[in-house]
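Novice: Chains as they are written, first to last, in numbering that gives the first Met the number 0: chain A, 0 to 368; chain B, 0 to 319; chain C, 0 to 68.
Do not rely on the hints blindly, as some may be mistaken.
Simulated crosslink set (BS3-like; lysine-lysine; CA at most 30 Å straight-line) [said to hold, decoys possible]: (1) A/K201 <-> C/K58; (2) A/K105 <-> B/K122; (3) B/K13 <-> B/K48; (4) A/K18 <-> C/K7; (5) A/K82 <-> B/K48; (6) A/K13 <-> C/K7.
For the record, the hints were derived by calculation from the structure and aren't laboratory data.
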Amino acid sequence: MKYVDEFRNPGLAKGLVKKVAELPRRNVRVMMGGGMIAHAAAEAGLEDMLHKEVTLILGPGCPRCVTPASAIDNAIAISEFPKTIVTIHGGMTMIPGSSKSLEAKKAEGGDIRAVYSCTEALNIAIKNPEKNVIFVAVGYETTSPTVASTIIEAQRKGVENFYITRGHIIFTSIFRALLEGGEARFNGLLMPGPVSTIIGSKAYDFIPEKYKLPCVITGLETCDILQSIYMLLKQMEEDKPRVEIQYSRCVNEEGNLAAKKILNEVFEVCDSPLRGFGVVPKSGLKLRKKYEQFDAEKVYNVQLEETKESKGCICGEVIRGVMTSSDCPFFGKACTPRRPIGPCMVDPHGACSLNYRSSSVRGLLRRFT
Amino acid sequence: MHELIENLIVPPFKNPILEVLDDAAVIDLGGTKIAYTTDSYVVDPIFFKGGDIGKLAVNGTVNDIAMCGGTPLYLTASLIIEEGFPISDLNRIILSMKNAAEEAGVEVVAGDTKVVNAHSADKIFINTSGIGVVPKEVSISGLNAKPRDKVVVSGYIGDHGISIMSQREDLGFETNVSSDCAPLNDLVAHMLKTSNKIHVLRDPTRGGVATVLNEIALRSKVGIIIEEEKIPIREGVRVACEILGIDPLYVANEGKLVAVVAPEDAPQILECMRKHKYGGNAEVIGSVVKEPASTVILNTSVGGKRIIDMLVGEQLPRIC
Amino acid sequence: MCVAVPAKVTEINAETATVDFGEGTKKDVNISLVDAKVGEYVLVHAGFAIQVIDEKAAKDTLELMEKIA
């Protein structure tokens, strides 16, 4: 695949790993600001290869982990109404709400459908005029412009049975909250490429400016991540923290202006509860008055609330990078990918799910080789 | 699903033949070993690139028997048809089953047909059962993998699953990939003539190669290490998996087998497979180790390692 | 942090484009958020093209990687 294979070249990757290992800094903690970075690193087994030089910390960034449990609870509550179809991105169906997931609800008989795009949800609404179709909005600016575009299309087509829930998150707000909290200890940040194509690199300027942390916006292929780690270590050597774009083939300073415009047209900023952080100011998006006929909250009287985690579950702390999976009393014992308790383990990109697969490898291999 | 089967369905039927839980039951009937199996087919869409539910039903059961080293002989076919199902579609499926049975060298000797009310079944469901004979000296089972054994796969993985997924309206992508639905009994017969040191045979259907390897690792209480660079994956499957955000190791196959064989016989078994119509792209993808037991590890192409778990939940295409 | 995959634009019809991910794997996506031409590569996410891929920048990145490695 073009623009994918070249950046996964094993020979090139091995060379980059060597060069990272040759840099003088040791015991550097790099926070991976996105589930996809963590996932890509885990797929390639990078953590295992770099563990002497760099510790890759899993932080917040995967939207499924920071989406409050009430978003799922609300979706479940809505699905219990008659003539209602609840649609949601496939990856969200296994995430637990306060008591169960949408997948579990579907097994009980709810009309809950996994969709690949918001446009599909709109098409379902058009094909089923006698039912209400609700799209559960989740995700950052990679996804929210696609939803905004669909809302405008719905209005243009005069669709009256289509609604969205409130749930989009402003990506940088999570990191503002994280850095404001001052808890997590790391030396540099890797930011995910896809969301950055929309918001632009300038959105991250506050990270080096206010917190003096190096920041690199990375592509998601193996060589991208390795080069980005190299760039971060170089910044630390030079002691000149700044925002650098490794993913220059898709990211620029301003981002995608058309996408930003459409976001601004349809949504306005609001406060939002985020799992692990409580209510974070200016962290969410809600529909502007002009488009409130598509607001599921108005029709179904549901609200987003702060999450009450299961007793003992430290997903909140893990999401903020304050504690790691191994600090959790349940990790690997009561909480495994087969029997998960919190979102960090349910979600295949969640910190604990990834840790389970990679740190186990190191642990296992150390014991037996 | 695994838990449903192991905790709820199997226990009441408790008996030593069932508890082996291989693809078919191998029963000693007065000195002759009989392989006996059943499967139900509920695939949607019923017609897809490379096959249909009928072809799947015949080959699926033929393959279950072949995975025990048995020669499949006779099949039964039960059809549950939704009222209003087009006769032309039914004809097409029956013809397809006839052709598949002919190719596999089996006969359909008994059957049943039921028509149910509209919405009581989704178009058509097919159940097939099959019976075959296992040569006395052949002992192939998920329990038999040994450290140092080689793991062989018979060709490109993921074709069937991707072909099916591409025809789901909601995923809306076009691909050249066809289902690999095929009978494997002839391939297995050739392999058995070449070597008597084939320890395990499994066909990686639902849950893919990853699931089958995990099952073998668990049953035989061994570890399995596979090399990412050796796994044969069609470019079209790789691309489709990228867009869907799924791992080809977990995607279903309907015309492939995984074999665990003694290392000294691996080269000749591989050569034999590669000469066969359904084994042309066979590869040795890994080996069995003593420890870590019950674990499957992948050596990545860049030199890292990761654990290949059992599939948890439905493999839903992700976007986020 | 969501699956975003590069694909080549092969056809444009108003706001919809047919894109090819390789090996004849095609999909129709919404092209209204980017300014893309047939033959260019775009990044696809959730049924939309979200950015046009800068070919020169991609080449430069690879060159830099090769220099470092």
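Novice: Now look at each hint and say whether the structure bears it out.
Specialist: Each hint tested on the structure:
| no. | hint | result |
| --- | --- | --- |
| 1 | A/K201 <-> C/K58 | holds (23 Å) |
| 2 | A/K105 <-> B/K122 | holds (22 Å) |
| 3 | B/K13 <-> B/K48 | violated (40 Å) |
| 4 | A/K18 <-> C/K7 | violated (33 Å) |
| 5 | A/K82 <-> B/K48 | violated (35 Å) |
| 6 | A/K13 <-> C/K7 | holds (29 Å) |
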